[in-house]
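Required output: the full structure, derived from the provided sequences and hints.
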Amino acid sequence: MNAYDPVGTKVFETEVLIIGGGVTGTGMMRDLALRGVNCLLIDQKDLNAGASGGNHGLLHSGGRYAATDWQTAAECRVEAQILKNTAQDCIDECGGIFAAVEGDDPDFAACFPDRCAKAGIPCHSLSPAEARAREPSLSDKVFAAFAVEDATIDPFHITLGNVNHAQKLTDSVYCPHTEAVDFEVASGTITSVLCRDNRTGDSVRIRAKQVVNAAGAWAMNVARLAGCTDVAVLYAKGTLIISNARMSNGVINRLRVPGDGDILVPGGTVSLLGTSSDNIASPDDVRPTINEVDRILREGIGLVPSLEHTRFIRAFSGVRPLLQTPGTDVDGRKASRGFRLFDHEDQGLSNFASLVGGKLTTYRLMAEKTGDLVARRLGNEAPCTTATALLPTGEADRWTKPGFAPRYWYKRNDPTDAILCECEMVPQSAVNEIAADAVGAEKNMTLRAIALRSRIGKGSCQGSFCAARVTSHLYERDVYECGEGRDHMRDFVSERFKGVRPVVWGKQMPQMELAEALHCGLMGLDLQDVGNNENGDGTA
Amino acid sequence: MKRQTRHHNVQLAVIGTGLAGLAASIFALERGITTAQIGNTGAVAYTTGYFDLLGATGGHVINDPWQGIDALRRVEPDHPLSRISNDDIRTAFVLFTKAVSAMGVGYTQLGERNQMALLPAGLAKPTLSVPNTMMSGIIARERRARALIVDFAGLQNFSAKEFCANMGPSWPGLSAVSVAFPDMECGGQLYAEVMARALEVPKNRARLAERICEHIGDAQYVGLPAILGIHKPDIVHHEMEQLLGVPLFEIPTLPPAVPGIRLREMFEQVLPKNGLSLVPQQKVQRVEFDAKGVTLYLQDNFGDVVIEAEAAILATGRFLSGGLVADRNDVREGLLDIAVRQPDNRADWHRQDYFDARGHPINRLGIDVDEQGRPLNAQGNLVDERLFAAGTVLAHQDWVRQRCGAGVAIASSYKAVESASKILINTHDLRT
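Protein sequence lines, in the order shown, are assigned to chains A and D. Quick note: the first sequence uses the numbering used here, first residue 1, plus one each step. Quick note: the second sequence uses the numbering used here, first residue 541, plus one each step.
Watch out, some of these pointers could steer you wrong.
Here are the in silico distance ranges between beta carbons for each label pair [claimed, not checked]:
| no. | chain 1 | residue 1 | chain 2 | residue 2 | range |
| --- | --- | --- | --- | --- | --- |
| 1 | A | G201 | D | D627 | 52 to 60 Å |
| 2 | D | R868 | A | S125 | 32 to 40 Å |
| 3 | D | E750 | A | T416 | 20 to 28 Å |
| 4 | A | T416 | D | N841 | 35 to 43 Å |
If you want the footprint, here are the derived chain A segments under chain D, 3+ residues with CB under 8 Å [said to hold, decoys possible]:
| no. | stretch |
| --- | --- |
| 5 | 408 to 420 |
| 6 | 463 to 471 |
Derived by calculation from the structure, the hints in this document are not laboratory data. For glycine and all other residues, C-beta sits at the position ideal for the given N, C-alpha and C.
Now the structure itself:
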């Protein structure tokens, strides 16, 4: 404790402080824990709050980058295979195709196999009839198609698994809602990182031998806190929409220069159509817009015509933290998907590193490179083992997998284990397990934290009913007191609404109307003054 | 089986079986108008059972609904309630609640002001008329009396602990207890409707009362989720009070909830006895207007149904019941494609913040009507002089946020029936 710290400041000591609870930060935590290193991971919000949670979950075959960036493409191919071998539980090897439809550039399509070959990406040509036999929803205007080894990956499962594994290995700790606000530096070394608990406002002081910045879209802000001016991040906002049902067997890519609405990715029982790309000035408070949704839908319909009449349940946005190197193009579509590790030694710091750029598919490699640097600085000679070590699935981090909860519930056959989320069939035992054991969620359990660690709120009702049921259940278990649960429910349904708003039409409109009748009419959540004041009648 | 076409020949056809349709049928039958009614009864399972007149504006509670309507006339002159006189609204409300009470679901209105009625998660809302089974809860809360709130293991739609935690700051005398429902002790999932039917049997009431009595202690009131019978709630309520020895009240639950099921079953059982030709759970497919009158076409399991009437009331509700339909960038009326005045773009349907106190513009879209309650087309002319509209399909109101759903349904149905009666031949008004 420092003499100037506010009263009540908590102090943590660790070997390595990692800032950013996305797939890269958690991947580093596990990488280092496998080398025997104790880490402390913090995030200003919670796991996967940035790009790691705001993407389509594609495990790239590399085909997408074959034309523009063959090194990244080759990296994707190798890394995808490693993840398929080591994190099988988190991956659906559904395969994928690239298809060009009338109006697309035939030359681009014709070059595709050669470009894949250059990056070593397996690819074979399909006739239009073969392509449509594989993917019946594909447009009948297809003129060229290729099969590739695309797969899908559940980024929440990966992240939860990484944290859980690191906790088991070296008692590493994850603290959510903890934001770095200041760095204390003495003779070229960061001695402490001062943080704020964003829920309580309390101060936290963290002393670490090494500090790693894996803050994704916020990496530039964190680097600047440490006085480093060498990190530049380009913020490219991407919006996707989620359909009510799975629309294809595998991934369907548009075979043309990357653009809006060029990819349809299955995600368990649903599909995700993406992705827009717009450069923005700040990575905070992004939300999907109607304009973005209409743009990706208009393009997507050209590839898969049935999207015209598909029911969409939600849209969401993420910010791609793209590496901005001096003098390069600032178009997010053309910016490199590669990554760069900054050791900041030229900035005068000896125990700080920042990792910028990269992709979900290559997160393991990014963690390995950073782990090598940090381990060397610590004098730790253990090699990286993430290329072969299997990622275990813990009891509390298995609930994000589509279809797992209903199978578990059915097998368990306990009549007292009531279903709280009917869309995704999540029973109360799942919520109990998450509330008890979920990494970083033990304290101050919120609906958002439970939803992040399960399928709750992800079905077609988008949390209208299950938010109320889970809240009641948590009151029953004495997790909540007074109006706390009600505030969490308000917060949760408000947050969901941001994603639902741009896709409310057709069958989603009665759903929305029902949600409002439930939350406002039946539960009175819009009349905040009622019940809390002395009179209890809403009068001042 | 031979399929046949069945014909109904009536004076008035009511399209829709929600609260507005129900009110329209009641008012029409009272006037001696022969009436047929068609529609789905979907949304009624989502009601608390309270009949609101006007309870809130801009996120704030309105204590006096009549003053509230006077104020509404100045700021929202197009609101359906603004266009009906307070005398007519009052007459309609009284007639309707009396009729519903007489049919077996008793309602009480405590004076002219709104009461703060209890909600499932422990908040309260302003309302005007309350089922008798729920009345004591309002009084107990006003008195801050000691009350025991009971829930049931396995009934997910209501948590006594949650109710007490949220209500506690303004009502400290609450305590929560969980009991097992007779013959449903295994802890599996319970359904409020099944429990309510069980409590129509005297033996089950006695057993439940015995279990609750163990926990009453010094409580002055007992509160239960709404499960006190489907068909004779007032009798079940009264007898349970006798058994418990203290006043008892129901608290509405999350859906599917008993208060709405009561209204639906009462409506389906009693009104046909009073002369209503009811075609429940069906949707009208087509409506034609010709020199003879209005003709409605639909189909059920037995074949085609044709209803010929002199006038029709459209009480089809909003999106949930199909009265309105939203395409990607366009809202339309679901049956006759009546004009819906609306913004150019979907971006103006909802505000950015879900709980914005102003409410969402989409909820105020609907049908425009003339002073007689007749829908207007895009040019401002009558769709047909024999067509009337009532209830939440009407534009310029936000029934959820303004807590005016029952008020709009009842008052606009009253006006629609009154206007329709003027163009009917040979009515025998039962009221004279």
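Structure-based check of each hint:
As the Cβ distance of A:G201 to D:D627 is approximately 56 Å, the hint placing it in 52 to 60 Å holds. Roughly 36 Å separates the CB atoms of D:R868 and A:S125, a value that falls within the hinted 32 to 40 Å. Look at D:E750 against A:T416: about 23 Å separates their beta carbons, and that is inside 20 to 28 Å. Taking the beta carbon of each, A:T416 and D:N841 are about 39 Å apart, inside 35 to 43 Å as hinted.
Interface restraint, the stretch 408 to 420 of chain A with chain D: holds (5 residues with C-beta to C-beta distance below 8 Å; minimum three). Taking a C-beta to C-beta cut-off of 8 Å, the stretch 463 to 471 of chain A contributes 4 residues in contact with chain D, enough for the three needed, and the coverage statement holds.
Consistency note: the structure conflicts with none of the earlier hints.
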